[in-house]
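Chains as they are written, first to last, in my numbering: chain A, 802 to 1281; chain B, 17 to 362.
If you're looking for bench data, these hints aren't it; they were derived computationally from the structure. There may be inaccurate statements among the hints.
In silico BS3-like cross-links for lysine-lysine, where the CA-CA straight-line distance does not exceed 27 Å [as the list claims (entries may be wrong)]: (1) B:Lys211 / A:Lys1215; (2) A:Lys876 / A:Lys831; (3) A:Lys1150 / A:Lys1111; (4) A:Lys877 / A:Lys1111; (5) A:Lys1168 / A:Lys1111; (6) A:Lys1215 / B:Lys176.
What you are looking at is a predicted structure, and each value in this text was computed from that prediction instead of being measured.
Listed below, chain by chain, are the residues.
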Amino acid sequence: MIFTTVEFAVFFLIVLIFNWFFRGMPGFYKLFLLEANAVFYLSFDARFLPLIFLIGLLNWGFGYLITLTESVFRKKLLLFADITLSLAPLAFFKYSEFFAASILPLVWDGDLVSRLPEMDLIFPIGISFFTFQGMSYAIDVYRDKGRLVRNPVDILLFVSFFPTVLSGPIMRAHVFVPQLENPVYNTRSFQLGFALILSGLFKKIVIASYLSEHIVRQVFQVPADYSSLSVLAAVYAYSIQIFCDFSGYSDLAIGVALLLGYRIPFNFDRPYIATDLQEFWRRWHISLSTWLRDYLYIPLGGNQHGKAFKYLNILITMTLGGLWHGAHMRFLLWGMLHGLGLALTHAVKDIHRHFAHRRPQTGQEAKPSLLLKIVLWLLTFHFVSFAWVFFEAEDTDRAMEIFRAVFTQEQTGKGFELLVIPAIAVGLLLNFFGPWLQKTYLEFQRRLPLPLQVVVIALICIIILRMGPEGVLPFIYFQF
Amino acid sequence: MDNQQHIISRRLTPVRVVAICMLVLAALSLNELERLAIWFGDRCTDWLPGAEAWCGKPEELVFSSNAKVFSSKLLDMEKSVLAFTHNLPVLAASKPEAVKLAALQATPRPQTAAAPKPASQPSANAQPTQQGTLQANDVLIVGDSMVLEGFGIALQRRLKQVAGLSVTREGKYSTGLTRPDYFDWPGYLTELLDKHQPDLLIVNMGANDPQDIVEEGKRYHVGDPGWNAIYSARINRFLAIAAEHGTTTFWVGLPIMGQDKYGDKIRVINQLVASACAGQKMAKYFDTWNVLAADGGAYSSFLKNAQGQKVRVRAKDEIHLTEAGGEIMTSYFLSAIKPYVNWSAL
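Bound conformation, chain A alone:
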């Protein structure tokens, strides 16, 4: 039941009706929601539903045990056990084949692949997301006893919440759990919910699908078939496609949750307006980057042990963050590139700060000029876009084929359809003016009488669905 299917629309309508009907009966309501989450997950794969609940119970149990002891050593031991046990299924299902087929052959001659159990058809969808979510709860409790949630059902609901279970946003328990008792309940949040659903549908079905079908897929598969300019256009198009695909998915998830009365933190904040990589990561997949910061970068030591360690920690965090996206060398390389870029950004800023201190104080910090901002924006956007090539291309050789085509500018071949340019432009405009557009639309919707609101929402839905290709393409982030 992917969000953009009829099945999901019917399922959601039923859940929505019962959601508001049962909301007044707290105990029963939670069981109902748990049931809804289970049905949603069962529609993908019945076998792994127990795994989600196991991850939930595991983290709830260890969280509870951690609060029972005062000994720091025991607390650490419990946390270590929790993290190891939580990561074990993730490592097994997601990384064992990668390790056996790609990493091990680099150092060992033997054949581990044949000895591994048959791993086909058994991938627990959303495992990277619900594992991280579950772990964040136990670590939060380790850091602050006040974060303890007494009712295990609340944690089960937290890890299996159907709008976010497949591809995030990765929530925190202290944000979600209190909402189980106090739903967000006003006209504005409901209207925002509808607006976000429409925005998500448009981004995914119209822009991302169009770009994928009409330029990205073909060029990334056979770059040699296209002219240099077409390959460059495909690189830009992919940047827009992945933004519209993933932020569109997040919009849908947040919108659906809002209609149920839950507020989920935003996952994207106009990422392509960033003028440096640090800013980019504050705006792109916010729930993952803050997770990595809080639960990986800071425990590694963060910036507490000098500059060199700070850069190293950034590199480690980003490389592992890259690998989180998938068990493939290309994700590792992509993460490493971002790690290097980010470390370099920090180094430049550190040097700049160092010299700024030495200069006589003028009372006001100099702001970068508009020209410098534009240059920095172009640099950041191009770094991010070219890094996506490693992320999307089948392997490094394919990525190099793409770079050769772009940078030599000599390749002859096929062109691309004219509509690709407006599609890229609309995607970029959505990135720049998304919040403004959302506000304007909400103002417009608010002024309409209720029956007209229904007509407007239905019409926009129909138009979006009609504008999309036959059959909706899978969301990019589902594979993670």
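Dock chain B against chain A, hints included.
Frame of chain A, contents of chain B only:
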């Protein structure tokens, strides 16, 4: 007071949200009624085996005619927009200087994949499709996800190495010949053939076809005589469209599948395609069932590549091919078509 009333009338309460969602869904359903009826029919025969009598007849549903009028108007609008977009110019295309085809020497390419295994029944009616070999300069590869991923990519990349050959690959995910209500392959094929004017059409599809066919209110299961007859007729029509355009068709059969139940249905489809091709002058079927099988003929997700490393040749769904698998299929297919084409690089 009036103003307050006004505000209250626009306020969204949970009940109103539910009502809005219901109405929106109702509007969407009306718009998509025909598809929904078939979708519902598919589901209810899964749930209730005896339900075929009442849930497979979209034309009998109330409102259907109204919805169809509305849908067809929207479709007309959509078509006119699409017609407009088709006439838009293509940007950034650049062609190498004109070269004489005859003067070109094909560049041989080292074999990257494992040596192909012979298929179980390579070309039962192994006759060249025409007198001598086919002078194919423009090739069009079409199909479903099998062509858009794995095999299609590998094949296009290899054919790209044949000098003077123009190769285009077009396809649609999740489509096939069993559901013309969902995707109109004959129409799409005609459009593609008119646009690209290929000499050779390479087809690989059918992976989405193991499903019921609903025709004139009746539902047929895969392998039933009725299903076989309808499906064969659809393949024949597909091949006839290509032949009418003067295009030869090479139909690549589907390889062994991981799940037996699904694989048995794919075998039925392969057989129907093979016999349809045998009956058409300008079509040829290439069996690939065993190309990706392990030594004992069983399904395997991993095979050894040319370097002796075990590589994943099938996606985790045990249906689709990875690019490594696609390369093995391509090597086999290109060696199998060698007698029929004039590409010296093969």
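We went through each hint and held it up to the structure:
no.: 1; hint: B:Lys211 / A:Lys1215; in the structure: holds (14 Å)
no.: 2; hint: A:Lys876 / A:Lys831; in the structure: violated (30 Å)
no.: 3; hint: A:Lys1150 / A:Lys1111; in the structure: holds (13 Å)
no.: 4; hint: A:Lys877 / A:Lys1111; in the structure: holds (24 Å)
no.: 5; hint: A:Lys1168 / A:Lys1111; in the structure: holds (26 Å)
no.: 6; hint: A:Lys1215 / B:Lys176; in the structure: holds (13 Å)
The structure fails to meet hint 2 from the earlier list, while all remaining hints are met.
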